[in-house]
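Please construct the entire structure, taking both the sequences and the accompanying hints into account.
The primary structure of each chain is shown beneath.
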Amino acid sequence: MLLIFLKRLLAAIPVLIIVASLTFFFVRLAPGGPFDSDRAVSAEVLINLQEAYNLNAPLSEQYFDYMGGVLVGDFGPSFRYPGRGVSEMIFTGLPITLELALYAILIAVFVGVLAGVLAALKRNTYLDFIPMAIAMIGICVPTFLMGPLLVLIFGINLELLPVSGWGNLAGDKILPSITLGFAYAAYIARLSRGGMLEILSQDFIRTARAKGLSERVVVTKHAMQGGLIPVVSFLGPAVAGLLAGSFVVETIFQIPGLGRFYVEAAFNRDYTMILGTTIFFSSMIVFFNLLSDMAVLMLNPRARD
Amino acid sequence: MNNNSSLWSDAYRRLIQNKAAMIGGIILIFLILCALFAPLIAPYSYSYQDLDLGASKPSWEHLLGTDVMGRDLLSRILYGARISLMVGFVATSVALVIGVSWGIVAGYLGGRVDSVMMRIVDVLYGLPFIIFIILLMVIFGRNLWLLFGAIGAVEWLTMARIVRGQVIGLKNQEFVLAAQAMGVSNMSMFRKHLFPNILGPIAVYATLTIPQVMLLESFLSFLGLGIQPPMSSWGTLIKDGVESMEEYSWLLIYPGLTFTITLFALNFFGDGLRDALDPKTSAD
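Residue numbers (our numbering), protein chains in the order written: chain Z, 1151 to 1455; chain D, 114 to 397.
Some hints here could point you the wrong way.
As the list claims (entries may be wrong) - Partner residues aside, some chain Z positions facing chain D, computed with beta carbon under 10 Å:
1) Val1177
2) Tyr1276
3) Phe1279
4) Ile1287
5) Thr1293
6) Gly1297
7) Pro1387
8) Ala1394
9) Ala1416
10) Leu1425
11) Thr1427
12) Thr1428
Please keep in mind that the hints were generated in silico from the structure rather than gathered at the bench.
These figures come from a predicted structure and were not determined experimentally.
All C-beta atoms, glycine included, are put in the ideal place defined by N, C-alpha and C.
So, in C-alpha cells, the structure goes:
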C-alpha cells in the first residue's frame, strides 16, 4: 500500500514540473506587462522596476531562478503589491479558504450521504423523489446564482444572517459554507444513491439479511462500505471544483481568501501572483486526487491490480 | 442493417414515452428558436439605453423590466441566449471532435499507442483546468473564439474515455474482423465502421456536456473573465443582476430563472436520451 502511494507520488512530480513550466512560459508570453496599465510610468521607473523584478535577465535564467525558488516554497515578489511576497499572500489567504472548503465538504458529505442512502433504501417513495428532486436543483442552480439568492432571502429579506465577511460577525460563515457545499451535497446524494442501489441488490446483502442481522447493521456495516466508494472517488476531483467554487463564493461574500486573491490577481495582471497560485492550486489538486485514489484502493481491494 | 435501424426506432419510442425528457426537449427547441430569431422577436435592441427611465419594474412596455441603464431585460435575455447556447454548442463540438478522434484511435490501435494516449488523458484529468482557462483569458484577452476553444479543449477528456471503451468493445466483433480481412484502411475503419456504431453514447454524452460547458462559460462571465459588454451571456446578466439585486431583484431573478430552466431542460433531455439509447448504463 505504502509502495503504491510512493510510486504515485513520484509519478506526480513530473506532472507538477510540466504544469509549473507551462504556466511560467504562458505568463511570459503574455502581451503587456503588469506595469503598463492605469498609471503612466516614466521610462526610468520602468527600467528600475524591471531591474528590481529581474525581468531583463535571459529567460532561461529567470526560469531556473523561479523554479529553484518554488522548490523551497518561494514564489517571488508580487508585481502589484510591492514589498509583499506571493508566498506570504498565499499563506494569508489559505487558512480561510481551507476552512471554508472544509465546512462545505462536511455539509456536502453529511447531507449528501444521508439523502442518498435514504433515497436508496426507500426507493420509489417520496423519500426517494423529494431528495433527488432537490439534488437536481442543486446541480442545475450554479453556485454563482445560489449564493446571491441565499443572500437575497436570508440576508436582505429576512435579515437573519450577515451577507459578507468571514469571522467578523456571528454567523457570517453559514451562508458561504452552505452556498459552496450545496452543489456537492447534490452530487454526493446522487452518487451514494446509485452506489447503494447497486450494492443492496447483491447476494451478500441478502445473506446478511438472511442471517437475521438488523437492517441498521446490514446498511451501516455491510452496504455502506462498498456503496459509498463512488463518493470517495468523487472527493478528490471535487477539491478542484471546490477551489473554483471558492473563487465565486469568496467574491460574492467578500471573503479575503485565496480564491479572491486569485481572481483579483487575474484582473490586475499580477503575473507572479497568478503564477504562484496556479502552481500551488495544481499541487493541491494533484495531491488530493492521489489521496482519494488511495482511499478507494483501501476500501475496494478489487481495484488493486 | 435491419438490426441497426430498429435500435434507433426503439430508442425513439422510449424517448417519446419519457415525459421529463420530452418537456426538456420542447423547452430546448423553444429556446433555440428564440435564440435564432432574437432580432425579430426582441422588443428592443440589446444595447438600446433609456437612461431617463433607468431601472424599472416589469411592465407592459418592458415585460421583464429594465436594468439600471434602461435596457430592456427581455431583449437582453433573448440576445444572451444566442451567446450562451452558441458557447454550449460550439465548445461541445470542439470537445466532441477531439474526444472522439482520440478515443477511436486509442481504442482501435490498442497496445502501446493506447497506453500512451490514455496516460496523457489521465494526467490531464488531474490538472486544474479552470485555472488554466482563466490564465488563457487573462493572457490572450477575452476573446469569444478563444473561449470556445479553451472550454472545448478541456471537456474532451471524458468523451475520449467513453469512446475508447466502446471501441474496445467493438473491435473484436465479426464485422470489424471482416473489414480488416478485406484490407480496409485505418481511416475508413474509423469513419465507416466504428464511428456509426458508437453514435449513441456520443450523442448522449454530448447532450450532457452542453450544460457543463454553459456552466463553465457563465462562471467565467460571472467573474468578469468571459463575455465582455456590450455583448452579454446569461452569466454576465446574472453578474449584473447580483450587483443591483438589493434594489432591483428582478434583474437577478429572471436571468437566473432562464439559465436554471435551460440547464434543467438539457439535463432531463440528456438523461432521457441516455435511458433511451443505452438502458444498461442508465442506473446512474
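Against the structure, the hints:
1. Val1177: Holds. Min distance 7 Å.
2. Tyr1276: Check failed: Cβ of Z:Tyr1276 comes no nearer than 17 Å to chain D, outside 10 Å.
3. Phe1279: 12 Å, violated
4. Ile1287: 8 Å, holds
5. Thr1293: 8 Å, holds
6. Gly1297: With Cβ-Cβ at 8 Å, under 10 Å, it holds.
7. Pro1387: 8 Å, holds
8. Ala1394: 4 Å, holds
9. Ala1416: Holds. Min distance 5 Å.
10. Leu1425: Because about 9 Å separates Z:Leu1425 from the closest Cβ in chain D, which is inside the 10 Å limit, the hint holds.
11. Thr1427: 8 Å, holds
12. Thr1428: 5 Å, holds
When each numbered hint is compared with the structure, violations occur for hints 2 and 3.
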